[in-house]
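Undergrad: Each chain is listed here by its residues.
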Amino acid sequence: MSEFKANLDIRHRAGHIWRNIFRASTVFGILALIVLLLNIANSAFGYVAIENDINPADLAINSIPIEQLHQVDLVWILEQNVSAGLFRRLESEMPWEERAREEIYDLVVERVVNPQVVHTWPLGGSLFHRAEIQAEVAAKFPGATLEFRSWLTGDFLTTPQSPEADRAGVRTAILGSGWTIAITILFAFPLGVGAAIYLEEYASDNRLNRVIQTNINNLAGVPSIIYGMLGLAIFVRALEPFTSGAIFGAVDDTATASGRTIISAGMTLGLLILPLIIINAQEAIKAVSNSLRQASYGMGATRWQTVWHHVLPNAISGILTGTILAISRAIGETAPLVVVGASTFITFDPEGPFSKFTTLPIQIYQWTARPQAEFRNIAAAAILVLLAMLLSMNAAAVVLRNRYNRKI
Amino acid sequence: MRIERIFADKNKKRKIRVDPLNLCHPRSNHAQSKRELIMTNNNYAIEARGLNIYYDDFLAVRDVNLKIEARKITAIIGPSGCGKSTMLRAFNRMNELVPSAWAKGEVLYHGENIYAPDVDPVEVRRRIGMVFQKPNPFPKSIYENVAWGARINGYRGNMDELVEQSLRGAAIWDEVKDKLDQSGLSLSGGQQQRLCIARTIAIKPDIILMDEPASALDPIATLKIEELMHELSKEFTIIVVTHNMQQAARVSDFTAFFNLGEDRAGVLEEYDKTNKLFTNPAKQTTEDYITGRFG
Amino acid sequence: MTQQIEIPSPSTTTIEAGYNRTNDLRKRRRLGETVIQTLLFLAGGISILTTVGIVYELSKESVHFLSQVSLIEFFTHAKWNPQLGNFGILPLLNATLMTSTTAMLVALPMGLSIAIYLSEYATPKASSILKPILEVLAGIPTVVYGYFALTFMTPLLRSVLGKDVVEIYNTASAGIVIGILIIPMVSSMSEDALSAVPRALREASYGLGATKLETAIKVVLPAAISGIVAAFIVAISRAIGETMIVAIAAGAGPNLTFNPFLPAETMTGHIVRISGGDLSYNSIDYNSIFAIGLFLFFITLSLNIISQRVVRRFREVYE
Ligand SMILES: Nc1ncnc2c1ncn2[C@@H]1O[C@H](COP(=O)(O)OP(=O)(O)O)[C@@H](O)[C@H]1O
Ligand SMILES: [Mg+2]
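Residue numbers (this note's numbering), protein chains in the order written: chain A, 25 to 432; chain B, 4 to 298; chain C, 9 to 327.
Bear in mind the hints are in silico, worked out from the structure with no lab data behind them.
For clarity, every value in this text was computed on a predicted model and none was experimentally measured.
For glycine and all other residues, C-beta sits at the position ideal for the given N, C-alpha and C.
One or more of the hints may lead you astray.
[What the hints assert, rightly or not] Derived BS3-like pairs (lysine-lysine); straight-line CA-CA distance at most 27 Å:
1. LYS107(B) <-> LYS35(C)
2. LYS286(B) <-> LYS276(B)
3. LYS137(B) <-> LYS310(A)
4. LYS180(B) <-> LYS107(B)
5. LYS164(A) <-> LYS171(C)
6. LYS310(A) <-> LYS143(B)
7. LYS310(A) <-> LYS139(C)
8. LYS180(B) <-> LYS143(B)
[To be verified] Computed footprint of chain C on chain A, listed as stretches where at least three residues anywhere in the stretch have a Cβ under 8 Å from a Cβ of chain C:
9. 32 to 44
10. 60 to 67
11. 75 to 88
12. 254 to 268
13. 321 to 330
14. 333 to 345
15. 381 to 393
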């Protein structure tokens, strides 16, 4: 009897240990998420040491600081401190009299003061080791000032790309992502919902339709980079006259026309998420009660009348939920767009489907790949922007799903 | 009694025909249907001839020959699973919505076989409407529920008038006239079923098929449906499936009794005027069934 | 008779005036219907075209490639060095296997443990909170994971194991982070499999005096094994196809090494690096990445098909 008891104890102890292991794994998963987010925040905010070419205080005229100087004085400072060639070029771009004071002030800061981030500290250190950081700045960067900076600012969202990290923004990338996703939606949503309707409402159970269904399931598991190669071969290369906009007269110089455009990127992502949209839409259509279809057919409705008036209205929120989830996958995709040929550096806003493009994830990739620390900082800031976009999309999906569930 | 003799004849014939292949021999069907013409007047709404219905290779209904009289109520009764619903749905090709279902034989409507290759099932269903076991109004307003079918059927008249007439015809107008824009799903089960009847009569079918229309309803709602059926039969031919013998006896003019055959295929055991079938059935199985000995 | 139902006699004439109907049952030509049906069919067919497009384009370029490099060299040569005309996929394949193996070493035990915890231990309320959190983990773009690998995992490894042991770019860091990325996938698919095991089986086990752990490990897990295996296979396929994490954190340049702390370029990483540059069509570089892509496509496709087979067998057992 006591032997049995001991045995039972051992069994219970094993149960206890393993239970804790299982629980620890779950905690690990959640911890990974938290660490990942903290790691990003850690780089997106923190102290920076800034060195100026010329101390702004030295530019003061009659002890009036440059912040308060008159436009004419600012122009004079510019003239004194930048090369004559640059001064003439700036003037020929737009005469000084026509420029706003703020603009000239910005030019002075940019061209004359020229503040440069010489060192950055992560958020964690900035919060907990302030004294050490100040000592370090005093020792290593005597001319520098220490400043707490959020790399994610309003300016960061609205300025275009720049080769210098502290002047770079994600405007170009956000617009590129927006355009690309718009094309993706226009391409994949009708096709995906159409295919789902076909498979659920029209297709008989024959070989061809089974092949189509199996094929869709398999496509959902193809690595995204393969779609990139497909996009490169088909949209960029084979359909170049179309995707470069040449046959629409959208490019001035057909010799330099290239298929590496927003429309190629959008359609590549469209093909990528098509299986997801189809599978999600099929689920939503399957969930529509059969009695509704029977009622409709029983009244002499045709197939399309049944689909259009009854099936779709009742499946639409499910279809939209699934589509939003698929689109948020597309927004974060990077590899296929690298292959399709996102531009590494463009500063102008995309103008339409035949523009060259970059997207937010591409931007993050390129900045992350740079060795300089400041690029890590703006990469982190760009990640925050991306995650915010995804979060709002998922919130929209949850709202839709809840409304849908309430209706049933 | 001529009817009796014909049915006796038919029964004899069944016993002889053991060869299943012979069961659906077109000539024998034809001969039989000719004789059945004697049964009553010549006013048939729809007629099944040698009809076999399958789900894949499972034979659900075997060799049915059945003539439905116009502007009468015909009840289909029988034990569960004997193919009543399958038979009913064969009359307007609703079975086709089940991918595995297929039929052999003929269903004649105005002398035309609705299973002929050039017949459009949509056209058939526009003339032969259906009311289902579970009330299934569309998740739209009451008004839309009635108007929708008429609209897709190309109705060009005054829609408000049609909706009112149909709702009156389904004896539900007084209950819903003040809330036509509310959802059809907001009504009680019995009201929903009458709404479904209203939308069916709005498309002015010849025949209304009803599959256990009251089985999901309480007794009072059931009574209303039964009275409604009686009224509707002045204008429409009604075929109603019911597992409720009292209901069949109460509302129908004719009754078709289906039973499970040897290989689980449903067969038409007996078909007669309701009075006759319930008081003096020709077959022992019928009597056993209607007296509650099985089923 | 409890209630008199008033039924007015319907005036049929006004209604019938609205319908223009004959007794003709013949098929109408419904042009709209036909057009719509055709369009819908074509929409469904696009997926076939996609597959055909993938196979065709990858094969076409691969044929060009194989006209210059023999299949034997492709699969056996130990160096990938296009400048020198060396096209052996082994270094790239090896790096892919290294990252994927590392990833599976992380994702399988973790994912399975989480699945067991969620299906056998956690209260419904707890799992209704935990599952969405894991879903968030699955929804984060891979480029963000790449950033995480480079800026967190690598420094962590370097501070634990020493900077002279662990290089800045290495396959271990990339592999671990891929593992984290696919944990939610393994856990949710495995949990589905575990939850599908009938209650009766658990009750029978408890009835025989088994503890919760014994029930979970010896009864439920074996019953769900094919679903779990399928989840593992899909996860492997996902790990092999993962691109951005390795492109960012595993290093550039093919390197045949079994040391996980050294840089090595995977197949996907190589494709991204080469195509990210100025790639001219019809060059052997261009052709070679398609050959790698074709190889990758077949590996992942086979894994997915195998996992579907396994799942199907699983369904047969329980339905
Ligand atoms: N969709 C279907 N697929 C396969 N078999 C079916 C289907 N519907 C009904 N059956 C079979 O056909 C037979 C008749 O069914 P049904 O017409 O529903 O009987 P009833 O209405 O008399 O209860 C039953 O054996 C049933 O299992
Ligand atoms: Mg039935």
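Undergrad: Give a verdict on every hint.
TA: Going down the list of hints, with the structure as the test:
no., hint, in the structure
1, LYS107(B) <-> LYS35(C), "20 Å, holds"
2, LYS286(B) <-> LYS276(B), "14 Å, holds"
3, LYS137(B) <-> LYS310(A), "19 Å, holds"
4, LYS180(B) <-> LYS107(B), "45 Å, violated"
5, LYS164(A) <-> LYS171(C), "24 Å, holds"
6, LYS310(A) <-> LYS143(B), "20 Å, holds"
7, LYS310(A) <-> LYS139(C), "24 Å, holds"
8, LYS180(B) <-> LYS143(B), "16 Å, holds"
9, 32 to 44, "holds (count 6)"
10, 60 to 67, "holds (count 4)"
11, 75 to 88, "violated (count 0)"
12, 254 to 268, "holds (count 5)"
13, 321 to 330, "holds (count 3)"
14, 333 to 345, "violated (count 0)"
15, 381 to 393, "holds (count 5)"
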